Amino acid sequence: MNRIKRLSKYIDCLNNEEMPKEHISGGYDKEMEQLMYTVRTIKSLRDPVMPDEGYEKNLANFVKENTNSNTSRNQKKMTDLESYVKKRLITAAITVAFVIMALATVYLLNGRLGSDNIVKAMEQAYNKVKAYHGIIETAEINGLGEIVYVSRQEVWADTEGKYFVKQLDEGTEGVITINNGFNRWQIRPDIKKVYMFAAEPDPYRFTFDLREEISDITKAQSVKKIGQENLLNRETDIYEITPDGGLPYKIWVDTNTDLPIKKETAIYNALLTKTYYTELEFTDEIPAELLIYNKPEGFEVVEINPEQLVATLQEAKEIAGFMPEIPNNIGDYVLSRIAVLTNSGAIKLTFSHIDKEKEITFIQEKAKDKFKAASDAVIGLVNNNIAEILNNYQGIPGLRSIRWQQADMEYTVYGKDMDVLSEFAKAVFGGEIYLPEKDKTELKPQIEVPYDIETEKNEQKSVDAGHSPWRLDPVFVAQVFVNLLISPEGIEGEYEIPYENIELIKNDGVNAVVKINHEKSIAEYVYLKRLVRQDDTGIWTVIGYDPVVKND
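Going by this note's numbering, the first residue of the sequence shown is number 1, and it counts up by one from there.
Don't read these hints as lab results, they were simulated from the structure. Please read these numbers as outputs of a predicted model, since none were measured by experiment. Treat the hints with care, as some may be off.
To be verified - Dumping the calculated BS3-like pairs for lysine-lysine here, alpha-carbon to alpha-carbon at most 30 Å:
no.	residue 1	residue 2
1	K162	K440
2	K274	K250
3	K295	K274
4	K370	K416
Said to hold, decoys possible - Taking CB as the label site, the calculated pair distances span:
no.	residue 1	residue 2	range
5	S336	K520	17 to 25 Å
6	T312	G161	24 to 32 Å
7	I354	E285	19 to 27 Å
Even glycine gets a Cβ: it sits at the ideal position worked out from N, Cα and C.
Take these sequences, add in the hints, and give me the full structure.
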C-alpha cells in the first residue's frame, strides 16, 4: 500500500479511538515506525483549555457593570482579565507550535517520500564531502541475462575535479588516468606510453563519478522511489530517474550517507549496465603522491593538444603573434591562467570565479577558414556575426559554448552557465548578443512533407536504444532527404549531394533550416523540426522544403 495512504488510515483509526492493525500485526519498516511514533506523539497532546460557553457574553456584562467603579479597581480587574486571556492565548500558541514542530518532524523523517527532498539530501550530502576513495565494478548484461563484460576500477576523486583512476581488470590492468588540476595524463603499461593532455576541458569521466551523477539527477524530469534493498550490508532506497532526455534508469541511495552507490541503466543496444561501489570511503584529500607526474622509465611521452603556460599576455603575444582581447566589466571574474595552444597558435585565457562552477575559458585564434557552425549547434548572433551555440562542447555534457568570427579572428567562450557566457561574449566588444528562443523560428516551407507522428515516436525509441544516430543531426537528415528527392527509388553508393554542400542557417533547438548548395539539388532550403522530444536527444524530421528556382 502507498505509504501516505497507510499513514492516513493509521491517523483515522486513532481519531476514531480504534486500535490500528499495525499495533496487532506489525510488519512495518523502521521508517514507518518512526512516522507512527510521531503521529502518536501529536495525538497525545491535550487540546488547549478554551473559555466556557457564554464566555463572550459574561465578559461584556462584566465590563458594563464595572464601568463606573473605582478607576484603580477597574484597571486592576481589567489587568487580571487581560492576564487571564493572555495566558490562555500563550497556552494555545505553545500547543500549536509544538504540533507544527511535530508535523515538521514527520516530513523530515519521511523526506524520501518526496523526490525534491532526496535530491536536495544528495546535494547536501555531497557538499560535505571533500574527497572519496572507492572500488567500482561494472557489468554489461545482455537480453538473456548473461554477463558479457565486467570491469573494476580504483578511484580517488575530490570535489575540485581532480582524480586518480586505476584499471584493475584483466586486459587493461595498470592503466592509470590522472588529472591534478594543472595537467592530465594517462599511463599505458601495455604499450609503454604516457599520453599528456590539457587539464581542461576534460571530456573524460570515470564511471559513476558522484559529482556528475548527482548533477544529472538534479536536472531530471522526475525522481520516484520504487523500493528498498540491502546492498553489500548497506540499507538503500531505490529510485527511478527519468532524465531530461534519454531512457529512465535506477539508482540505489545509501540511507546512511544519502549518496548513490549503484546505478542500473535501461536496456541500450540490447545491453543493460549495472555499476556499483563495492567499497566507498570518504577522506580529506587525495594522497599527494598520486597526483605527482612521474614518467615511468622507458616510456614514451605523447603530447595531445599541448598547451604552454605563460606568465603574461605579452609572452602569449610573442608566441601566438597577436595580443588577445580582454573583456571589460566582468564583475567578480579574475584572469587566473594564460596559455598558448602550440598546435593551433590559439591563446587560451581562464577566468576564475569564487564559485568554481562559473569558471569561463576564452580562446582566441586567427581565423583559418570560412565560418561554419557545427551541425548540432543552435544558431545565434554575437555583434551581428553568426554564432555557433553548443550545449555539449567537445562532447562534454553540460559544458556550453559560444563560437563566432569577427574580422580575421575566431573566438570561443565556454563554461557551464549560458547566461554568464552570453554576458561574457558581450563584454568582449560591447556588441549585442542574440540567443534564439526554443520553438520560436517561423517555418513556412513552400512544399510540406507529410509525416506520421507514431512512426517518429518509434524512431525516437530506436535512436534512444543506440540505432540510427544520424537522426540527431539535422544536416545529415536533410542530406538523406535531398538525395532521395533525386533518387526516389533508393540511394546506391555515394550520395549525389555531399554533406559538405549543406549549410545549417537557422536552428533554435527545435526548428532548423538548411541551405543546399548543389547544382543537382531539387530543394534549395529544407525545413526540419524536433517533433517528439525538444532537446539534444530528440530526432529531427523533415517537414517541408523550398524548391530550387530555375533561371531560364
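Structure-based check of all given hints:
| no. | hint | in the structure |
| --- | --- | --- |
| 1 | K162 - K440 | violated, 41 Å |
| 2 | K274 - K250 | holds, 9 Å |
| 3 | K295 - K274 | violated, 34 Å |
| 4 | K370 - K416 | holds, 27 Å |
| 5 | S336 - K520: 17 to 25 Å | violated, 53 Å |
| 6 | T312 - G161: 24 to 32 Å | holds, 26 Å |
| 7 | I354 - E285: 19 to 27 Å | holds, 20 Å |
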